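Okay, here's what each chain looks like letter by letter:
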Amino acid sequence: MATTATAPTTNAWGGGKSPFNVEYGKVMMWYFLMSDAFTFGAFLISYGTIRFSTNGWPDPNEVFKSFPFAPEGVHAPLVFVSIMTFILIISSVTMVLAVQAGKNMDKSGVVKNLIWTIIGGIAFLSCQAWEWNHLLHEGAWWGSNPFLNHDGTASSTNFTNYFFTITGFHGFHVFSGVIINIVMLIMTLADKFEQRGHYLMIEKAGLYWHFVDLVWVFVFTCFYLI
Amino acid sequence: MSNEAVLHAPAAAGSLDHGHGEHHEHHHHETFISKYVFSMDHKMIAKQFLITGMVWAVLGGLMSVLFRLQLGYPDSTFPWLEDLLGKWAAGGKISPEAYYALVTTHGTVLVFFVLTAGLSGTFSNFLIPLQIGARDMASPFMNMLSYWFFFAASIVMLSSMFVETGPFSGGWTAYPPLSALGDASPGSKTGMDLWIIAMALFVVSQLLAGLNYISTILNMRTKGMSMTRIPLTMWALFFTAVLGVLSFPVLLSGFILLIFDRNFGTSFYLSDIFINGVGALPNEGGSAILYQHLFWFLGHPEVYIILLPAMGIASEVMSVNARKPIFGYMAMVASMFSIAILAFLVWAHHMFVTGLNPFLGSVFVLLTLLIAVPSAIKVFNWLTTLWRGNIRFTPGMLFAIGFVSLFISGGLTGIWLGNSALDIHLHDTYFVIAHFHIVMGVASMFGMFAGIYHWFPKMYGRFMNNTLAYIHFWVTLAGAYMIFWPMHYQGLAGMPRRYYDYSVWESFKQFAELNQFISLVAMIVFAIQILFLFNFFYSIFKGRKVTTENPWGSNSLEWTTPINPGHGNWVGEIPEVHRWPYDYGKDGKDHIPQTTPIGADESHH
Chain H
293 MATTATAPTT
303 NAWGGGKSPF
313 NVEYGKVMMW
323 YFLMSDAFTF
333 GAFLISYGTI
343 RFSTNGWPDP
353 NEVFKSFPFA
363 PEGVHAPLVF
373 VSIMTFILII
383 SSVTMVLAVQ
393 AGKNMDKSGV
403 VKNLIWTIIG
413 GIAFLSCQAW
423 EWNHLLHEGA
433 WWGSNPFLNH
443 DGTASSTNFT
453 NYFFTITGFH
463 GFHVFSGVII
473 NIVMLIMTLA
483 DKFEQRGHYL
493 MIEKAGLYWH
503 FVDLVWVFVF
513 TCFYLI
Chain S
23 MSNEAVLHAP
33 AAAGSLDHGH
43 GEHHEHHHHE
53 TFISKYVFSM
63 DHKMIAKQFL
73 ITGMVWAVLG
83 GLMSVLFRLQ
93 LGYPDSTFPW
103 LEDLLGKWAA
113 GGKISPEAYY
123 ALVTTHGTVL
133 VFFVLTAGLS
143 GTFSNFLIPL
153 QIGARDMASP
163 FMNMLSYWFF
173 FAASIVMLSS
183 MFVETGPFSG
193 GWTAYPPLSA
203 LGDASPGSKT
213 GMDLWIIAMA
223 LFVVSQLLAG
233 LNYISTILNM
243 RTKGMSMTRI
253 PLTMWALFFT
263 AVLGVLSFPV
273 LLSGFILLIF
283 DRNFGTSFYL
293 SDIFINGVGA
303 LPNEGGSAIL
313 YQHLFWFLGH
323 PEVYIILLPA
333 MGIASEVMSV
343 NARKPIFGYM
353 AMVASMFSIA
363 ILAFLVWAHH
373 MFVTGLNPFL
383 GSVFVLLTLL
393 IAVPSAIKVF
403 NWLTTLWRGN
413 IRFTPGMLFA
423 IGFVSLFISG
433 GLTGIWLGNS
443 ALDIHLHDTY
453 FVIAHFHIVM
463 GVASMFGMFA
473 GIYHWFPKMY
483 GRFMNNTLAY
493 IHFWVTLAGA
503 YMIFWPMHYQ
513 GLAGMPRRYY
523 DYSVWESFKQ
533 FAELNQFISL
543 VAMIVFAIQI
553 LFLFNFFYSI
563 FKGRKVTTEN
573 PWGSNSLEWT
583 TPINPGHGNW
593 VGEIPEVHRW
603 PYDYGKDGKD
613 HIPQTTPIGA
623 DESHH
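Which chain is which? The protein sequence lines are H and S, in order.
In terms of the working numbering, the first sequence opens at residue 293 and continues consecutively.
In terms of the working numbering, the second sequence opens at residue 23 and continues consecutively.
Think of the hints as simulated: they come from the structure by calculation, not from any bench.
As the structure is a prediction and not an experimental result, all values here were calculated from the model.
Beta carbons: idealized from backbone N, C-alpha and C, even for Gly.
It cannot be assumed that every hint is accurate.
[Stated by the list, open to error] Just some of the chain H residues that point at chain S, by a computed CB distance under 10 Å: (1) N303; (2) G306; (3) M320; (4) S327; (5) A329; (6) P438; (7) F439; (8) T445; (9) S447; (10) F461; (11) H465; (12) F467; (13) S468.
Using the sequences and the accompanying hints, generate a full structural model.
So, in C-alpha cells, the structure goes:
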C-alpha cells in the first residue's frame, strides 16, 4: 500500500533532498521552458491551421531573397537567413563553452564565452532588424502583404501577420536572453559566482539560450523552408 | 562544480534557509510593510490571496444578484439601481449593455480571480510548505511577485468597470469577432483592452505561482516525506500547478493574436465581416474558430485547475473528520493524474456545434466520457471513506460532504453534455449553466469553504463560530440546488443562455415565476455569504482561541507547528516524517501523526 514500515528513506524521492539532484531554480527553469514551448507551440499550430485553410501562400524563396549591401534585384534566396541561423547556432556553441568553463570554475573562460554569446545574440537581432526594415520598405507589415502567392494570385495578409508576430515574439525572447546574459556577465565580473562557489546561474541562463535557439529552428522551418 | 555544492550550500542565494538546520527566531526587523504588504511569508501571501479573492467574490456575486433582478423581474424598475449604476440603469432598469457587461464580468471574475487565484492561490501558498515540511516556498520573492501581479490584474479589471464605454460585455470566453472589433459593441472598446491587459497580468501571476508550487513540492519535502506520504491536498495542488503552467501560455498566445487583431489591423480571427453602420471590413482569411481552440485549450484544463484543489481539500478534511484513512490513496492519486492528462485532450467538447467534423467530435466524446472513470473512482473513494466512519460534523466536514454531493449531481449532467448528439440540443442553454455552476462553481466554492473552516485555526489561531457556519452551510447547499436544479429543466425546454429578457418569448413566458424564484433564492444565498464574511472577519479578532497545537487531531505536518507559526514555520528543526498522513484508527489508536516513528509491533495496513 501507500506506505510500509520498511519504506527506504534513502531513495531519491524519499524527501529531504531533491529527487533530480538539482536545486529548485533549475526545476523552475525546466518547467518554464515547457510552458514557453506551449506558447510557441500554440503560435505555430495557429499558423499551420490558418495556412492549411488558405488557398495560396507566398513562396519564401521569392520573399526572402535580399541581402544587405547587395545591389537591388539580387536573387539570393534564403542566404541571409541562413547566415542568421548560423550565427544563432554558433552562439549556442559559445554558451555551451561558457557553461563548461563555469563547471571548471574558470572565470576568464566564462567571461570570454559569455561575451561571444552576447555578440552572437546582438548580431542575430541586428540581422532581424535589417530584415524587418527591408520587408517594411517593400510594403510588408502587420495587415499588409505585398507578396503574391506561388501562382501569382493575391495573397492573404496572414502571411505577414504571422511572420511578424512569431518572429517578433522569438526576437523578443532573444532580446531577453541577451539581457540575461549581460546580467550574468556583470555578475561574473563582480565575482558573485566565485563567492557562491558555483556557476549554476550560467547553466540556467544557458538552458534558456538553447531553448530560444531550438525554437528558432522550428520558426525557421515554418516560415522559410516550408 | 556540481549541483551537490549548491544543494548542500549553507544558504542558497536569495532564499530562506530551507535546509534542516536550526532555525533561529532571528527575525530581521519587520515593519508593517514587510509583514503585511510586501510579505514574503507564504502564510501571509496566502491570506492576501484569500482576502483579495473574497473581495472579488462579493463583487462577482453582487453582479449576479443584479442581473438576476433583471431576469426575475423583467417588468419592474428599481430606482435604487440608477443610484448605483447611473446611466447603466436609467429609470431603474438595467440596460442590455449593462446586463451583458455584468454577465461577462461575473464569469471572468469568478472563474479566474476567485476560483483560481482565490482558491489554489490561497491553499497552495498556505498548505504546500506546511504540509511537506518546508520553511517557505522555493522562491519567496517570486511568490510575492505572483500576488502582486494578481493584484495589478485586479486593479486593471476593476478600472475597466469605470470607463465610459463600460467593461467588456461579450461573454467571459471573449470570442471574436465581438472581442476583436471595437465597433462591434460599446464593451468591446476600452473595456476589452483593459480586460485583456488584466488577463495577461493574471497569466504572468499564475506562471510565477505555478513554477514555485511545482519546484517546492518536488524539491523541498522534509526528510521521510516521500511522494506517497504527502497528503492528497499536495497531489491535487501539484497537478493544478502543472495544468496551469502548461495551459495558461496557450491562452496568452491566443490573447496576443487577439491584441494584434484589435489594434494592428491583422486578420487572425477575422474574415468576411459586415458591421451595421460601419460596412464590410477588409479583413480576410482568419478564423474565429481558431480563437475558440486556443481559448478552450486553456479553458478546459482551467475547469480542473478550479476543481482539483477542492478535491484535494475535500479528501483531506474528510479523512480527518471521519477518523478513517482516506480510502484508496493511490487510486486517488492515479485518478487525479489521469484527470490532469485528460484535461488537455477534451477541449473541443465545448465546440461541438461550431461545425467541427463529426468524426473528430466523436473522438472528443470518447475522451470526455473517459473522465467519468477517474471521477467516479474519486466519488466512490470519498463515499467509502465516510462509510462506517466516526464522523465529526465540523463545518469543514459538512462542506467537504456538500462538495461530494454537488460533484456527483453536477458531474452526471456532464455525461449528457459530453455527448455531441445531445449537445446539439443542450448547447448554450440553461442546462449548461446549471451543469458548470454546480460541478465547478458551487462545488469548488464548497471545497474552498471546507478549507477555510478547517484551516482557519492554523491561519489565525482562532476558531470560526460554528452556529453561523452551520447556517451558512445549510442555506448555501439548499440554495445552490434551488437555484441550479430548475435551470436544468429550463435548459431542456430549450431556454438559451445570455438572453436579456425571456418574457418576450412565447416559448419561455411559462418560466416567469420560476425565474423569479431562482432570483429570490440567489439573493438569499448571497446574503448568507455576507454572514460568512462577517463570521470570518469577526473570528480573526474575536474568535475562540485555539489552545492546542492540533485541535482537529490531524496527522499532517501543519499541526506540528506552533499555534501561531512565525516566518519559517517550525521552531528548531523541521520534523522528520515516518508514515503517510492517514493513520486514523490504526491499531486502536485514534490517530498517529506523521512524525511518529513506526512502532515495532505495528500492523501493515
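message = To test your reading of the hints: which numbers does this structure violate?
response = 6, 7, 8, 11, 12, 13
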